[in-house]
Each structure stands twice: as structure tokens, then as C-alpha cells.
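So the protein lines, in turn, are chains A and B.
Remember, our numbering sits 451 above the position in the first sequence when you count from 1.
Remember, our numbering sits 21 above the position in the second sequence when you count from 1.
Heads up, a few of these hints could be off.
Output of the computed footprint for chain A on chain B, the stretches with three or more beta carbons under 8 Å from beta carbons of chain A [said to hold, decoys possible]:
{"#": "1", "segment": "86-95"}
{"#": "2", "segment": "105-119"}
{"#": "3", "segment": "180-189"}
{"#": "4", "segment": "435-445"}
Keep in mind that the hints were calculated from the coordinates and are not lab data.
By construction, the Cβ of each residue, glycine as well, lies at the ideal position given by its N, Cα and C atoms.
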Amino acid sequence: MRNAIRTLAALLVMCGGWASRAGAQQYPDVKVLADQPAATLLLPYFEVNLSKSNGMNTIFSISNASATAILAHVNVMTDESVLALGFNIYLTGYDVSTINMRDVISGNLPRTASAGQDPGDTISHKGPFSQDINFASCTGQLPLPALPANYVTHMQNILTGNASAIYSGTCGGLNYGDNVARGYITVDTVNNCTLRLPGDPAYYQNDITFQNTLWGNAYFLDTLNNTSRAAPVVHIAANLTDPRTNTANRYTYYGRYNGWNANDHRQPLSTSYMARYKWAAPFQNQPSLIVWRDPKINQVPFACGTFPSYSPLNQEGIVAFDEQEHPTVVTGTPFPAVTQRTPVGTGVLPLPSGSGQIYLNLNTTIIPAGNNPTSDPAASQAWVATVLSGAGANAYSAGAMAAQMDTAVNPSHFVP
Amino acid sequence: MRTTVAGLAAALLLSVVVTPSAHAQFSARTITNQPGATLLLPYFEVTLKAPKAGAQPGKDTYFSVANTSATAILVKVTVWSDLGIPVLGIHGYLTGYDVQSWDLGDIIRNGKLPATASAGQDPTDTISPKGSISQDINFASCTGKLPTTQLPPDVVAHVKASLTGQFSSVLGGCAGLNVGDGLARGFVTVDTVNNCTDRSPADAGYFGPGGSGDATNQNVLYGDYQYVDASTGKAEGDSLVSIKTNTTDPNTTTSGQYTFYGTYDAFTAADNRQPLATTFAARYTKDTTVFTQGTSLTVWRDQKLAQGPFTCGTNPAWYPLGQEDIAVFDELENPQIPVVIPVSPQPPTATYIPFPAVANKTLVGGSALPVPFDAGWLYLDLNTTLSIAPASGYPPEDPAAAQAWVTSWFDGKSVEASARAARFDGASSAQHFHVGP
Chain A
452 MRNAIRTLAA LLVMCGGWAS RAGAQQYPDV KVLADQPAAT LLLPYFEVNL SKSNGMNTIF
512 SISNASATAI LAHVNVMTDE SVLALGFNIY LTGYDVSTIN MRDVISGNLP RTASAGQDPG
572 DTISHKGPFS QDINFASCTG QLPLPALPAN YVTHMQNILT GNASAIYSGT CGGLNYGDNV
632 ARGYITVDTV NNCTLRLPGD PAYYQNDITF QNTLWGNAYF LDTLNNTSRA APVVHIAANL
692 TDPRTNTANR YTYYGRYNGW NANDHRQPLS TSYMARYKWA APFQNQPSLI VWRDPKINQV
752 PFACGTFPSY SPLNQEGIVA FDEQEHPTVV TGTPFPAVTQ RTPVGTGVLP LPSGSGQIYL
812 NLNTTIIPAG NNPTSDPAAS QAWVATVLSG AGANAYSAGA MAAQMDTAVN PSHFVP
Chain B
22 MRTTVAGLAA ALLLSVVVTP SAHAQFSART ITNQPGATLL LPYFEVTLKA PKAGAQPGKD
82 TYFSVANTSA TAILVKVTVW SDLGIPVLGI HGYLTGYDVQ SWDLGDIIRN GKLPATASAG
142 QDPTDTISPK GSISQDINFA SCTGKLPTTQ LPPDVVAHVK ASLTGQFSSV LGGCAGLNVG
202 DGLARGFVTV DTVNNCTDRS PADAGYFGPG GSGDATNQNV LYGDYQYVDA STGKAEGDSL
262 VSIKTNTTDP NTTTSGQYTF YGTYDAFTAA DNRQPLATTF AARYTKDTTV FTQGTSLTVW
322 RDQKLAQGPF TCGTNPAWYP LGQEDIAVFD ELENPQIPVV IPVSPQPPTA TYIPFPAVAN
382 KTLVGGSALP VPFDAGWLYL DLNTTLSIAP ASGYPPEDPA AAQAWVTSWF DGKSVEASAR
442 AARFDGASSA QHFHVGP
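Just need the whole structure built from these sequences, with the hints factored in.
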């Protein structure tokens, strides 16, 4: 253990310098996503089995790559992109916060607090190299309290496709009838304990920051079936100098919420992917694809029994190749929602062979989105990952990211 | 099934012309998961001992390589020892949109290779079948080399010995670390090539500017890999590291710049391949409920010096590799910063050498990487300067830079999970920041 510690002020200056050099304020290449610290994290899909406490759960971590203390805003969204819950967390320099989605849905939110709400440094501890500052706007909000019972009920309902009393009896997601909560999560660096909704343009005008300091991982644990897997969350970098992320009407990640004015300055995802699927030893169980998609509109709660106006999300083309390269054109809408885990080979994605690779051109024009983004109204960002799993005694699970064939900055509309 | 719209020739022509990725020029600055011209499997383990009848085999590593283009391609699969010596070269032919799986256990234990063959060696299209929109062409140089489905016994013996740190009669020396646990270790690269070359990436002529050597600059490959341990019922995987070429970016075309294969082309940038990162942030955890066995890191590193076989019982001159900085944080940001000496080989007095080889798997909290915490994250600045000429000046743009790749593997009693470490830079612009005072 190194014990030569100078004054905290000197350390903070030094570490702040590193933060800049290590990516905190740098502007990475916006063309394609890389696992570099970023201003927004996307957990593209989560599941929590609400019926069985040892069933599938999702845990993710948010880490601060810089010595500078930061505030982050977490939005838990349904699988149809309706906000279920938004809250703020505070991270001292080099902090890491682990968020257990089963706990969140049970109303137990992560306890963090900036210096003003934690004068004794007992809630959000800091190390000797870590900045710990006060966000005055968080007073009265952090540390987060346990949520009341009616809010817990709201989250459990809205994330399982049932009616939410908080949303006046309307719904926010698909109802699979299995009592599994599904959705996705975004995490943004912000400058205050904002409670603005993600669809509020003022959130992008006033609240978010462009600190490329966040990184994280996600873990999918199913102790009931002895399976687990992990993956990095998607790192979405901000860039204030690249014309592709500061020119109105270009595709940016949050374009759907800010009128495509690019003031989020966040790089978009890709639109076309190639993914390997394998339904053969040692992965005898059916593979699946995790697919997150952009509805390109701000989706609000909708009448139960109906679907959002963008639904089902279509695509320009999907072609699967078996291991002898025989192509199969996939028809229909196998990925209709904003986020989903879709079995490959049967059901909505039937294929004649269990193994091969699949080309996914997920671009689509969405009528409610109008002619947006005007740079290419047919462009539609997405994220794709594969899940392979074994069977019986070998009920393991493994995942991999799909290959990114382009970026929504300059989308490819090619279909094999 | 799609039927061909026009004749097969027309379909092939169309696909070959409009496929989006065949020769795309990608940014050289950051590693992304876009199709590349080289794939890296950063670390593998294979149990050499055959299981007893009825018993489950031990550790195995599988990987798949897919061709994202309609154009047929040839790849060179190189199996390297954990000290960076090429041990085995295999050719693979992929028709357009083909995908090929490789079982390293079957290759190393049994010498069995998957059969592939280009049109000239497969006139009836029974070995490497093609689909209706996939190109299938002849690589004449592969005649007599493809298909190969069985390695000769002496080659199998050489591979086993080389990957376990034993004497190889083929090499006339040793190639790897002798850990003595019956596990073959190393890493794998897969390059697009234009002929069934006998050269390896370590040989002159394999790379030429603009793809004029054996290796080509076709950014069409992606893949995945899985570690499977059937004896414990655990598996986990990740995408292969996709390394792209760029023939227009000064970072990958200027002599003296850091490129992925610079070690083997004297840093002339003849390989045109983007380098990896040098500095990472990796999570670790050991809890009492799920990941009870703790976290291991697989770490691939660049020794920056072409390494040949060496006398058994000794180590290469650059061994062990050092690093510029490691900082261990717990989840309350309390740091532990071991004192490191940022040169390789590390001096005998150095006590903190967690990643000494080219391909490593290191237990966080173990003797090589002791940490006082149960959970947190690691800052890893794996840059290092070699003290051996001429590598002490490599790469010329920044002799202290050293590319690497880091992945966390979280291990439970019956579950396992993995996550790539976050990358803070690219070796073409390496950071050298030291955490703390």
C-alpha cells in the first residue's frame, strides 16, 4: 500500500489532470461505439423474474473513470420505452455503484449522497485520490428513500405490461403473462439532481453534461437454473466538436427526445449487424438475440390492450445464413418492441437450421416520427447481442456482441 | 429460402459489388466490434488429458469466425504460445457469408481440423458448400493443403509440448511457460490472406504495405469465443477482438507508428492494422453468494520483440513484462497502489508482476495480484519499455507504449460471467498517467 499521500487538494488537481487525459473530457471518435468511458451508458435489456426470488435477475455497475465527482441520472424504461422510474446517484471520484434491479423494483434504491448531504462521509465514501463535492440541488433528495408501496406496485406493473395506477391505469410495456419485468436503462452524467423526464427537451438543454467518464458492466444471474453471463453496458460518448454530433437534424442518440437538434451531442448506435447463432454442442439450448431499437419518438403510457403508435417496429431486411451459407429471408417483425430477447430458430424468428449467422438491417421509417432525422429518415439505431446456452448438467450461458456493420451517422441500407 | 432473382452469376456479382464491408476503411483510433481483417482470441486454455470413459472433458476453448461479405476469403489461423511464439498455422477457406467453428481442444488434443476447401479442391462443392448468394472461388495455392482434417502425430506432439512449456523437437526448444498443470495455453490470431501461405505473421513477407504481402486488408471478419468446462458445467464467452486495417489513416500507414503487428514488421506499419489500447479499467468482485470463486483477468500483451524458441528452463530476454501503473480501488474508492518499476524485464526484486507473459490468466487476489478488497476495480496502465535493443526503441513514436487487451471473468461455484475492461486510449496515442502522488 502506498502511503505517501499529499494534501487532498494536490491530489485532486493531479487526478483531475489525469481525468482529462484518460478520457473524462476528451472527445472520442463518434463514428462507432467502443468500450471507452462515456457520458451515457445503455443497458439494452434487463429481466427480473418477479415470481421467483432466485430466478433471473440483472445487476449492473456504474463506475466513474475520473477523479472528479459526478452526478448521474438513471432512467429505467419499459420494453416499449415508457419511463418507469428515474432517479439520481452520486459518485465520488473513482467510485463504483452496483445496482441490483430486483432491489430497485422492490423499492430499495442505491443510497448515495454528495458532500452536502453526507457531511460525515458515511454514505458515499471517498478515497484519498477521489473528489467529493456538494451538489446542493440534491439536498432533500439524496440519499434516496425507500419507495412507497404504491410506487413499488407501479414499477412491477409497468415493467410487466400491466396497468399502472400512477399512470392513471394505462400501460407501458408488453404483457408476456410471465411476471418477468423487462426493459432497458440509460445512465447520463448530469449537473444537478434533476427530476425531468427523458422526453423533456429541457433535460438536454439544462441538465445533462458531456463528461465521458462512465463505464460499467451488467450481470445476468439466474441461480434457479445455475446460469449467468455478463457484458459491458453500451458506452455512448459525447462529442462537442464533431459536426456529426453537433449539427441539427443529424442522428444523435437522444434525437428522439430533443427534436433532433443534436444538443445531446451523443453518438448514435449502429443500424446493421451480423450475429452468430449456434444451437449445437456445446450449446444445445436455443440461442437468442437481445435487440434494442430506437422508436424515434417520445413514447408515453398508452391504453392497456393497445400498442404504441410506432409498434411494431419493422426493418429493411433480415437474412439468415446457415453454416452452408444457404440464405433465408426473414419476414414479419421479429423485433417489434424497443427491447426484447428473441429466441432464434423458432417462433417469430423461424429458421431451417439451428446454427449460422444472421444479417440484421434494422433501419426503418417510423410514421409517427415524421421525416426524422431529416439527414436520413429511414435510419434507425439499434443494438444487438447474442446469448448461447447449454443444456442439462451444462446449463451454462455465454454471450457476445454482434458485429456492427455501420453507424447511424452514416447508415448502410444494404441487405444481402 | 430465398431463390436467386436472376442467375447465380448475376447474384454473386451484385452481392460482391454492394456488400458494405468488404474493403471499408474504418477508424484506426479505437477498437470496436466492426468487422476486421484480423481477429484476436486473447487467451485460451485446453485440458490436454483425455477424460476417462464416461467422464466429462475438462477445459476447452471454442471460437467461430464469420465472413460478413459475399466474397469468398481465405484466413490464416495462427496458434501462439503464451510467450508469443507461433506454434501452429492452419488455413481456413470461407465462402461468402460463411461461418466456421473451431474447437481448440480437438485441434490440440487430437489434431483434428475442420475441413474447408476452395473451389479448386472442392469441385463438387461438398466440403465447403456455398449458398445461392455466396461466392466460391479457387485459391490454387491451397491445392495439396486443403482440405486438411488431421495433423500428423509428430505435429500434434509438437503442439502439445509447445503449449505446455515442454521441449518441442520441431522447434528445437521451448515456446511457452511450463506451469505443470496439464493445460495448454496461448492465444490465437486469424488474418485474411490471399494464398495458402506457409509463412506466419512473424515471418518477413507475410505483411506488405497496402496488403501486398500474404495478409490482405479485407475488413470482413468477426467472431466469438467460449470457454467451456464441462466438468464443472460452466461456460462464458465474448466476441473475438476485431482488428481493422486502414490504408489511408496516417496512424496505420506511417512507419514508426504503433500497429498491431508492428512487432513483426519492425514497426513499418506494413500490416496497416490498428493497435489495441494500453490502459484499462476492469471490475473485480468476490462475493459470498454468486461469484464466490472471485475474478480472474485474462490479459494479452505485446512483447514488442519477435520471439523465437528458447532453451528450455530459461525465459525470453523480455520476460517478465512489467507495467507503468496498477491501482486497486475498492467500492469506497480506497486505493492500493503497488510500487511498480515500469520496465521489462522486471528486476529480480520486483514483487508485483501480475501479467508477465503475452497471454495470461491471473486471479485477482491471488499471489500474483494480491488485493486487500473483496470488490472494486483495477486501473491498469500496461505500458512498458523494454530494456533490450532494438525493442527498447519500439515503437518509435512512443517506445514506452505497449498494447494489451483485458477481460474480467467472474467465477462462481456453478456460474461464470465475463466483461471486457473499459479502454482508456489507443496505443497510437498511449496514455502514461500514474494514479496518485
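So, going through the hints one by one against the coordinates:
no.: 1; hint: 86-95; verdict: holds (count 3)
no.: 2; hint: 105-119; verdict: holds (count 4)
no.: 3; hint: 180-189; verdict: violated (count 0)
no.: 4; hint: 435-445; verdict: holds (count 11)
When each numbered hint is compared with the structure, a violation occurs for hint 3 only.
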